[in-house]
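Produce the entire structure from the sequences given, and follow the hints as far as they go.
Just so you know, the sequences run in chain order A and B.
In terms of our numbering, the first sequence is residues 1 to 84.
In terms of our numbering, the second sequence is residues 1001 to 1218.
Any given hint might turn out to be false.
To be verified - These stretches of chain B come out as covered by chain A in the derived footprint (C-beta under 8 Å, 3 or more residues):
1. 1031-1037
2. 1104-1114
3. 1192-1203
Hints in this document: simulated from the structure, not taken from any laboratory.
Since the model is a prediction, treat every value here as computed from it, not as a measurement.
Where is the CB? At the ideal position from N, CA and C, for every residue including glycine.
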Amino acid sequence: MKKILLLVLLLTNAAVLAQPGQSEFQPVTEIPASEQLPSAPLVIAAYAFVWLAFMVYVWMMWRKLGKVEQELNHLSTQVLKRRV
Amino acid sequence: MRKAAVPLFALAGFIFLTAPFIIVRAPYESTMGLVQKIFYFHMPPAMLMLLSAIFCGVVSAIFIIRRRPFYDWMAYAAAELTVLYGAMAMVTGPLWARKAWGVWWVWDPRLTMSFLLWMIFVSYLLLRRYGGSGSEMLAAGLAVFGMATSPFVYLSVNIWRTIHPLTTVVPTLPVDFAFPLWYAFVGFLLMYIALMMLRISIERQRTMLDQLYLESEE
Chain A
1 MKKILLLVLL LTNAAVLAQP GQSEFQPVTE IPASEQLPSA PLVIAAYAFV WLAFMVYVWM
61 MWRKLGKVEQ ELNHLSTQVL KRRV
Chain B
1001 MRKAAVPLFA LAGFIFLTAP FIIVRAPYES TMGLVQKIFY FHMPPAMLML LSAIFCGVVS
1061 AIFIIRRRPF YDWMAYAAAE LTVLYGAMAM VTGPLWARKA WGVWWVWDPR LTMSFLLWMI
1121 FVSYLLLRRY GGSGSEMLAA GLAVFGMATS PFVYLSVNIW RTIHPLTTVV PTLPVDFAFP
1181 LWYAFVGFLL MYIALMMLRI SIERQRTMLD QLYLESEE
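Set out below in structure tokens:
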């Protein structure tokens, strides 16, 4: 088994080494479509981030406000009871 | 103040819902194409970050002189919104730059100074959060420093050589580009005012809470 693996490894190396090196760069006027960075995901990500940031911030603020109001009501009733 | 913020939230929400339809109808920019449409959600928060930093500095300066808590509440709210809008500008910017410039980020004067301004206001919030009592005065001083930085951020593209578009781009925009931009800007501005009102009401309630705690201890 080891011998087979070694043979496969050697053959793979030989196949790689047998390929000729790049001797020149060939110019093209346009970059292939597969190489181009698509714009749509970037645009969608930008808009989604803004929406998400607003939603998270508003949610945090409403939660904070609710907590403070709850604490305020609780404490004000306690203070009133003590006064009475 | 909280109730008054609700219609503003509704109006801003309507603008944010309809803005993409208006932006889609806007023409493509000749060299950047589709990715330029990030501009409509990049420039308004970036501009409001600068205006918010200036507003925070002004109310902080008034707070230092007059010592009235209302100015401090406004400054705290403005600092938080500067960080929020700054984060939006600093995330949408690299998404646009990746396609337009081929890189996510460059240490160019506009980008670097915007980042520094944003960091100043992050420091403000950290100081308020962990600075303990008396930190509001220190933070107010920091906000004045941040305000002084804002004009340099805006003018940096005209002063230094940079790859960021100049300040002349927005005033000379053709109507087809300008309308969606200012429509989105109104949405961001209304949202800013609504969030500011909400944030101030939280600070007011917190102050009342502190007073009640003091009363209950006595």
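Hint by hint, here is what the structure shows:
1. 1031-1037: Holds, because 4 residues of the stretch 1031-1037 of chain B bring their Cβ atoms closer than 8 Å to Cβ atoms of chain A.
2. 1104-1114: violated (count 0)
3. 1192-1203: Coverage by chain A holds for the stretch 1192-1203 of chain B (5 residues, Cβ < 8 Å).
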